[in-house]
Amino acid sequence: MILIIILLLPIITGLLLLPLKNPATVRIIALTAAVANLLITLGLIISVPSATYSVNWTHFMGTQFTLGYDGISLIMILLTNLLFPFIILSGFTRSHIKIPVLNFLILFTQSSLLGVFLAQNAFLFYIFWELTLIPVYFILLLWGGENRRAITLKFFIYTLTGSLFLLFGIIYLFTLTPGLHTTDFSAFNQLHIPAHTQNWLFWILFIAFAIKMPVFPFHTWQPSTYTMASKQGVMILAGVMTKMGIYGALRFLFPIVPEGVLYWQNIVIALCLTGVIYASVIAFRQSNIKRLIAFSSMAHISLMAAAMFALNVYSLQGLLFQVISHGVTIVALFYLVHLIQERTGTLELPQMGGLKHVAPGMAILLLMAVLGSIALPMTSGFVGEFLIITGLAKQSLWVALIGGTTMILGAIYMLYAYQRIMLGDSNPAFSKVQDIRVLDYFILIPLIAVIFVLGIYPQPVLDLAEASVNSMQKLLGPAGEVISQLTH
Amino acid sequence: MVASIPYITLAWLVPAFPLLGFLITGLAKNRLKNNQAGILASTLVSLSFLISVLLFFTMKSSGQESATLTLFNWISAGDMKIPFAFMIDHLSIIMMLIVTGVGSLIHIYSIGYMHDDERVNTFFAQMNLFTFSMLLLVMGANYLILFIGWEGVGFCSYLLIGFWFKNPDYNYAARKAFVMNRIGDLGFILGIILLFFTFKSVSFTEVFSQAATLQTGAPMITLITLLLLVGAVGKSAQIPLYTWLPDAMAGPTPVSALIHAATMVTAGIYMIARSSILYNLAPITLNIIIVIGLATAILAAIVGLRQNDIKKVLAYSTVSQLGYMFLALGLGAYSAAVFHLTTHAFFKALLFLGAGSIIHAMGGEQDIRKMGGLKKKMPVTFLTFLTATLAISGIPPFSGFFSKDQILTDAFENNPVLYVLALGGALITCFYMFRLLYLVFYGNQRLSTSHPHESPRVMTIPLIILSVLSVFGGFLNIPSLFGGDSGFSEFLHKTIISKITAELDNTTEIGLIIASLILLGLVILLAYRTYVKKAVVPAKDGEKISVFGRIIANKFYLDEIYSAVFEKPFGFLSDFFYNQIETKILDPIIDEIGILTSRLGDLVRKLQQGIMSFYFFAMVAGILLFIIFILIV
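So the protein sequences, as listed, match chains A and C.
Going by my numbering, the letters in the first sequence line up with residues 3 to 490, in that order.
Going by my numbering, the letters in the second sequence line up with residues 86 to 718, in that order.
These aren't lab readings, by the way, just hints derived from the structure by calculation.
Think of the CB as a built atom: it goes at the ideal place given N, C-alpha and C, for glycine as much as any other residue.
Possibly wrong hints are sitting among the right ones.
Taking lysine to aspartate or glutamate and the EDC-like style, the derived pairs with C-alpha atoms no more than 16 Å apart in a straight line are [said to hold, decoys possible]: (1) C/K166 to A/D465; (2) C/K166 to C/E291; (3) C/K397 to C/D644; (4) C/K166 to A/E468.
Here are some of the chain C residues that sit facing chain A, going by a computed Cβ distance under 10 Å [said to hold, decoys possible]: (5) D164; (6) G239; (7) N256; (8) D660.
Using C-beta positions, here's what the derived DEER-type ranges look like [as the list claims (entries may be wrong)]: (9) C/I124 to A/I14: 56 to 62 Å; (10) A/E344 to C/L112: 23 to 29 Å; (11) C/D202 to A/T276: 44 to 50 Å.
Build out the structure end to end from the sequences listed, making use of the hints.
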């Protein structure tokens, strides 16, 4: 029952908001719902180790509407419900454009994301997976920036194309299930698919997730979409939706096509590492801060994807820890980027400089978020990336070396951007810029606190992740032995 | 773990005080007035020093070698367990005493030096944060805690080099320092990871106790020590990662004294000395360290000959002295390296603080060609600076003599060629230091506009204390040749295992010392004749100098070479990836696919009269139909 509440609380609240008129009321109700959902989630994490909820849903596919969670889902749910209150709070501005609709769409996104993470059935998973696109499509289209029509369309078609492969894969798996066909994950996990089938099925399933994360070379929708997206849009996309790709890959690939994973492992790691270097190098010369952060996010996500395919306990622990860490850091960074744009009216680095003179508070908070991003020890980014690089080194020292270059390249482009924005002589164009306001503190201080608290005391999340890694190894089924051999 | 040293449970206070100082001065920086931040920061670091002293004496009297204080479990993943723990042993207590002792003197000095700066409170917050990180570095009980401090000090160094953030050159210098350190840090962290794979632990006690089982020269241990060395090379500014240190002089002078002379840059030496057991198993690595150390010592000293900025001279001198410490490490004379580290902390901090006093008096002028004749105007600064110059030049009985002589003797035992090269470097050091001394303090005042004056007492008292340490610091470790007991080396000898065992016979050793002293005397005479008697002033910028001189004055064009080989191609690659591959290849391919799809979409859209929401419902319905279709067929 509690899972149904977590799943539906946002969307029902969202529907109730639609007839309301007063923007302030709408925002407060939306925020209350999101915070309540976070508290319920935290309560769930503390009290109930795992739960499933099932009702008979469709008969034509012989499947059940099954919700449940394990460690992996729990991390994702925690991330979603942790970030959405801040995403909603960041809309507490003077803007009055269609506030009820906007908050409805945001809460709609939250529910569909939670559905993705809670679904215990591949078909249900797919429905929620596609459902997330609908509100996000409108958020991008209605609140986006320059050139939003073309970019949104591209984003939409891109991800939809990937999804179609996934759908095909699900249907194919469905036909393989014995007896009365089913799309339950538990049934999929029991399938013993021949190795040569796994080899092509791997890509059918992986494409959708590779696009969502994104993995090189399926990333080309991402920089322009992030750059164009509104503040809340980009926070949702970068903070949570990229993690859908990671979650999907963990849920589908390893238990269902383990031999395919082992077969393609090195190729995928090579693609991911290419993405790390490629995105980091590109980030260095971007003049638009948002695009720079977009490429930086791609570099970090690529490293996480590489960690996933290193298939050992350190890399998986690091990956799941980094899911939270990256989500929080990137949301803080994008919020700050938008703050800078709102105050200075520009996103272009060449027009910036000397902002620290008039906005010292903003400068300190930006620097702290940057530290999380470049994985300085005592930030959460360090714990995650250290475990990831350890896991990569288990695979090969060269892989770790290439993946580890993010430490250097990240420092190069992030500190460059920080310098271009904040440092230098005072800028006459910014003389009237206001520093951080109360609302900004309410959003940034908690997010940055999470970055540092998890950097100093990461164990609670690592414990959650440990349960996930264990549960994944349980799910692994036939290849479980192969993979556990790899890890020991 | 059971606390085996009395008061060990107080050890956490040592880093906690500066952390507290950072938090208070950082959060209340807009409220603290006058010298409040400086006094608070200095007091807290001094308290850390007092606790370190207490720990030192209880440690000595209890006869305990080491003790560990575990605070909490930091990272635990799979079989990886990394506690947040401190370890106090003979090596770390020495480092703690240096960091908090020299550190508190520099903090006190800064009260005077930074008095007029509008961001003085921020300055002290960052200095305290640095001290905290440095203490984590030297007190950490495992390589990963050491690494927290290691990167923490690098970050504080970044902040403080770019302290005057209006100047883009300073900001660039700060970034350069951080990035070059990060290059080393990547090697370091990979080394730590391999340590973990090899020993299933990164804690010092476990790694070192298991290391004995490994064979000398095993490939894995060679690889690990090389990777750790990469980190040390970056942090301790050795070839090829040293060019950040001279640029780091952009920071306020007390920063140069604390971070870029006395403490942070010696972290690499500390780390290798700490890992002596591992390095003893890797003779190849040790030989590489000898080459790096000696090459850095000589090259930096040569560059120092032609620098005209007082801080740049000292910076190259620091690089060079760090090279000597590396040489000692490579020879396996770890305690000699730590001893030189200690005396260097005294006299180099003193030199920088003296330079700060001079710059303060000259109204910000740093060019030694514009100084001169300051001896009478600034007697305290002059006398203290003189003792430091004598110490760094290795004149007995000043501290540098004992520490450098030990390294030279160890070099001779290994190979007389090393000795000759190292002695050559020492002679160059002596020359550029006396060149500096003579140009600044002797002759006539060359810049008529300024009115130099002695610095206030809050600055001169730290100078005097450091001067006393520079003079007498060498007595900590008087070798048996002079009837001493080598107390410093003995204190360390159970913590770090030196490789040097053979002793030179007394006649040879005395011969070497006398020879080197005669040469040093000649060099000082030469400097005196050139810069006092003939009153030669180095050429102005743009004046014609010899080709060789120009190469040296331009630091062997290393910055230009790095820029051409790394920075520019990197920018080019970035543009190429974005403008060519991303924009012209990857993106169009997807667009082509997209255009095809949207043509199909156009057909469908005609059916929908452009109502977006309907489109979605159609989509979901379509998916369902598709499924049903497949199920039926």
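Taking the hints in turn, this is what the structure says about them:
| no. | hint | in the structure |
| --- | --- | --- |
| 1 | C/K166 to A/D465 | holds (13 Å) |
| 2 | C/K166 to C/E291 | holds (12 Å) |
| 3 | C/K397 to C/D644 | holds (15 Å) |
| 4 | C/K166 to A/E468 | holds (13 Å) |
| 5 | D164 | holds (8 Å) |
| 6 | G239 | holds (9 Å) |
| 7 | N256 | holds (5 Å) |
| 8 | D660 | holds (6 Å) |
| 9 | C/I124 to A/I14: 56 to 62 Å | holds (59 Å) |
| 10 | A/E344 to C/L112: 23 to 29 Å | holds (26 Å) |
| 11 | C/D202 to A/T276: 44 to 50 Å | holds (47 Å) |
Of the numbered hints listed earlier, not one is contradicted by the structure.
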